[in-house]
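Chemist: Starting from the structure of chain A, add chain B where the hints point.
2 protein chains.
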Amino acid sequence: MYDIEMYRLGATRTGIRELFEYGVRQAAKIGKENVYDYSIGNPSVPAPEGVKEAIKELLEGDPVALHGYSPASGDGAAKAAIAEDLAKRTGDPIKAENIYFTCGAAPAVLGTIRALRQDENTEIILLAPFFPEYTMYMQACNVKGVIVPPDTENFQLDLAALEQRISPRTQGIIVNSPNNPSGVVLSRGTLEAMAEILRKKSAEYGHPIFIISDEPYRELVYDGAEVPYIPAIYNNTIICYSWSKSLSLPGERIGYFCVPPCVDDSENVYKAIQGAMRVLGHVCAPTMMQKVAAKCVGIKPDLTVYEQNRKTLYEALTSYGYRCIKPQGAFYMLIQSPNGDDNEFSEMAKLKNLLIVPGTGFGCPGFLRLSTCVDLAMVQRSLPAFKALIEECK
Amino acid sequence: MYDIEMYRLGATRTGIRELFEYGVRQAAKIGKENVYDYSIGNPSVPAPEGVKEAIKELLEGDPVALHGYSPASGDGAAKAAIAEDLAKRTGDPIKAENIYFTCGAAPAVLGTIRALRQDENTEIILLAPFFPEYTMYMQACNVKGVIVPPDTENFQLDLAALEQRISPRTQGIIVNSPNNPSGVVLSRGTLEAMAEILRKKSAEYGHPIFIISDEPYRELVYDGAEVPYIPAIYNNTIICYSWSKSLSLPGERIGYFCVPPCVDDSENVYKAIQGAMRVLGHVCAPTMMQKVAAKCVGIKPDLTVYEQNRKTLYEALTSYGYRCIKPQGAFYMLIQSPNGDDNEFSEMAKLKNLLIVPGTGFGCPGFLRLSTCVDLAMVQRSLPAFKALIEECK
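Chains as they are written, first to last, in my numbering: chain A, 415 to 808; chain B, 415 to 808.
The reader is advised that the hints may include incorrect statements.
Intra- or inter-copy, both count: the list cannot distinguish identical chains.
[As the list claims (entries may be wrong)] For lysine-lysine, the following DSS-like pairs were computed, each having C-alpha atoms within a straight-line distance of at most 25 Å: (1) Lys801 with Lys725; (2) Lys740 with Lys714; (3) Lys466 with Lys709; (4) Lys709 with Lys470; (5) Lys714 with Lys470; (6) Lys466 with Lys714; (7) Lys558 with Lys614; (8) Lys740 with Lys725.
In short, the hints are calculated from the structure, not lab data.
Same shape as in the complex, but just chain A (with noise of 0.2 Å):
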C-alpha cells in the first residue's frame, strides 16, 4: 500500500526531537520556567531589523516580478549579489553562474549527494561528530555513509583513521565547520592535512573526491577564530549555505549551493546538482527571500546573546568539573559525560529537567550536546541541576 520505508522515516521522530517535545509537555506540567531545555538548535535571536526593511522595501515593487518564478537557479541579480560577496571575501572569483539558490542547506547537500552517486556501493564520508540528519541523507540518496570516529582529545580530525576510511568508492566527504555539535572549527592545518589526503587519494583512484562543505554556521564564530575558505585550499569543494543561522530565517528555507570555478569541470558538476535538484521537486527557492538575502548582504548576525551563553556555561561547567569541549563557533557545546554514559546521563539529567542530548546520535558516544541558542537567564536558573548532577557521579 505504501512504502514501509518511507513510513518508518516519517513515523521516526528523531531523538532530538522527541526530547524538545516531552520538554514542551513538562513545561505545560511544572512551568516553563523549571524546565531547561538545551535540546533544539533553533536561533533564538531575532532576524536583523535588515531583514524587515529589505521585506517592506520589496513589498512597494511589482508583485508579479517579486512573487513570480525566478529561474531553478535563482534571480540573477540576487546571484550576482551572493556572488559579488563571496569574491569579495575569499578573493575567489565567484560569479552568478556557479551560485545556485536552494531551500536551505538540507536540499543543497542531498542534492550535491545525489549528483555525486555513482551506484549504491558510492561511499560518502562522515566525520563524527556529525549532524544526525546525515544518515538520513545516506539513506535517501541510497548511498553509503562511512564514518571516521572523532578525535576526542581536540575535536579536530583523526587524519590516519580518515585515510584508512577512503576507497575507491569514495566520492565526497561531508565538513561542516563550525560544528554541529561541536561548535568546533577545523584549523587551517587540519583542512591542510586534509587536503593532501585527498589529493593523493584522488589522483591514486583516478577520480576526484570532493569536499562537500556544509557551513551554515560559518558566520558564527567567536574570539576571533578564522573560519578558512576550503575551495581555497581544496579545488574539489563544494559549498552548501543557508540564511537560516546567520540571518535567523530557519523557517524560511533560503540557502545555496556554489560550485567555484576552481572545481574539475565546475560547470558540469553545476550541472548534475541542477539535475538532482530537480528530481528533488526544487523548482526555485522562495523568490523574496533569495532578493532579502542578496539585500542583506554584509549584515552581521548579532552574537551576543550566543557568545554569553557560551561564556557563562563554558566557566560554570568547568567550575564544577565537567570536562567541556570550547566551542569556537556555532551555538553548541559538548561535554563529556561524567559518568561515561552519555544515553544514561541524559536520562539522570531529564529527571532534574535539564534537556541535553546525548552524543551517541551524533556519532560521538560518550558526551551530550547542548544547545547554547536559549535565554541567559535559562542558562543561569540551569546551573544547580549541572551541579547536582555531576556530584551524583562522583
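Modeler: Just chain B now, with coordinates in the frame of chain A:
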C-alpha cells in the same frame, strides 16, 4: 565523477523553457512588442492586495516566531486555518493533522508518488494531456509512468483505455483538473465513472489505487464551472495543492498535501508521505508564507484578465478556422494543429514570432498549448499572425 542521469536532467532545458528563452532573445533583437509569447504558465496577475497586507501585519510580530522553524508538517495554527476552510467548502471533516505544508505542489506530488512506490515496477497512470514534468517525476521516483492517451474529442477521459492500463502494479493515478495544458475540467460524470473503475480494480488486485489530485488550478474556473471535490467521489484521494496560481505566488513555493480522513489507513499514509518529504530535503515550508496563506483564506483570485484573454483568443481563433478546445479553467488553451503536425506548426509560428508549445511533450501530438496568462494587448497584436498562419496551411 558525477551521475550522468542527473547531469542530463540538469543540462536539458524543457521545450517550454527553450521556447521562452528564444522569445527573450528575440525580444532583445526586434522589440518585446513584436514577440507574441504564449509559452510559459507564469501568472500575469499580481498577488491580491491581501497578501501584501498579511506580510506587513506579520512583520510587526515576533521575528523569532515568524521566521523560525515550524514543525516539518507546518505551523499548527496555519494548518488548522487551511483545514477549517477546506472542511467548510467541501463538507469533509478535514483537520490540521490531515494537512502538510510543502514547498509548492511539485514536492507534494513527488513525495506522494515516492511514498506509494513499492519497487521499480510500480506503475503510476498519467492521463494525457499532462504536465510534462510528470515524466521527470516518474524518473525521479524510479517508477513507470503508464500513459492513457487523450480523448481528443472532448478532453474528458477514454475510460476503456484507462481500465485497460490498470495492472496489479498500479499504485496511483495523477489527476490534474482544471488541466494543464487543456484548461478542461473533468466533469462529475467522468470522475464518477473513473472512481467506479478504480474501486473495481482495487478490489480485484487487493490494494488501493490512489488518486493523486494535483489541483493548483482549482480556483481558476470560468462560466461557473464546477470542480468536484474528488475525495467525496473516491475516498482514496490525496490532494496536492499550491497557492502559486490562486494567489499568484509561484516563486514563493507554498502549497500542501492533504490526506483526508476518508483515505484507507489515512494516518499512516500521511506518515509515509512525511517520510518521503524528508528524503526530498524538506525541513519545513517557508514559515512566513504558511502564515500568509492562512491569513488569505477566502481571498479569491481576480480572473478578469485571464477571462478576457480566453474569450478574445477563443473567439478570434475559432473565427479564423482553428479548432480550439474551450477551456473552463486554468490559463491555458489547446488548439489543433491546422496542418496536423504540432512540432512543424510551432516552428512555422516561430517564424512569425508567435511562441506556442507543441502538444507532443504533453502526450498530445497534433495539438498546441497557448498560455493565456499574458497581456491582453499582446493577444490583440498577435491575432494577425494566427490568421496568416492558418491561411498558409490551407
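Chemist: Against this structure, judge whether each hint is valid.
Modeler: Hint check:
1. Lys801 with Lys725: within (16 Å within a copy, 76 Å between copies)
2. Lys740 with Lys714: within (23 Å within a copy, 55 Å between copies)
3. Lys466 with Lys709: Both, since 11 Å and 19 Å are each at most 25 Å.
4. Lys709 with Lys470: both (12 Å within a copy, 18 Å between copies)
5. Lys714 with Lys470: Answer is both: 20 Å inside a copy and 24 Å across each meet the 25 Å cutoff.
6. Lys466 with Lys714: within (15 Å within a copy, 27 Å between copies)
7. Lys558 with Lys614: within (22 Å within a copy, 42 Å between copies)
8. Lys740 with Lys725: Classified as within; 9 Å inside a copy, 69 Å across copies.
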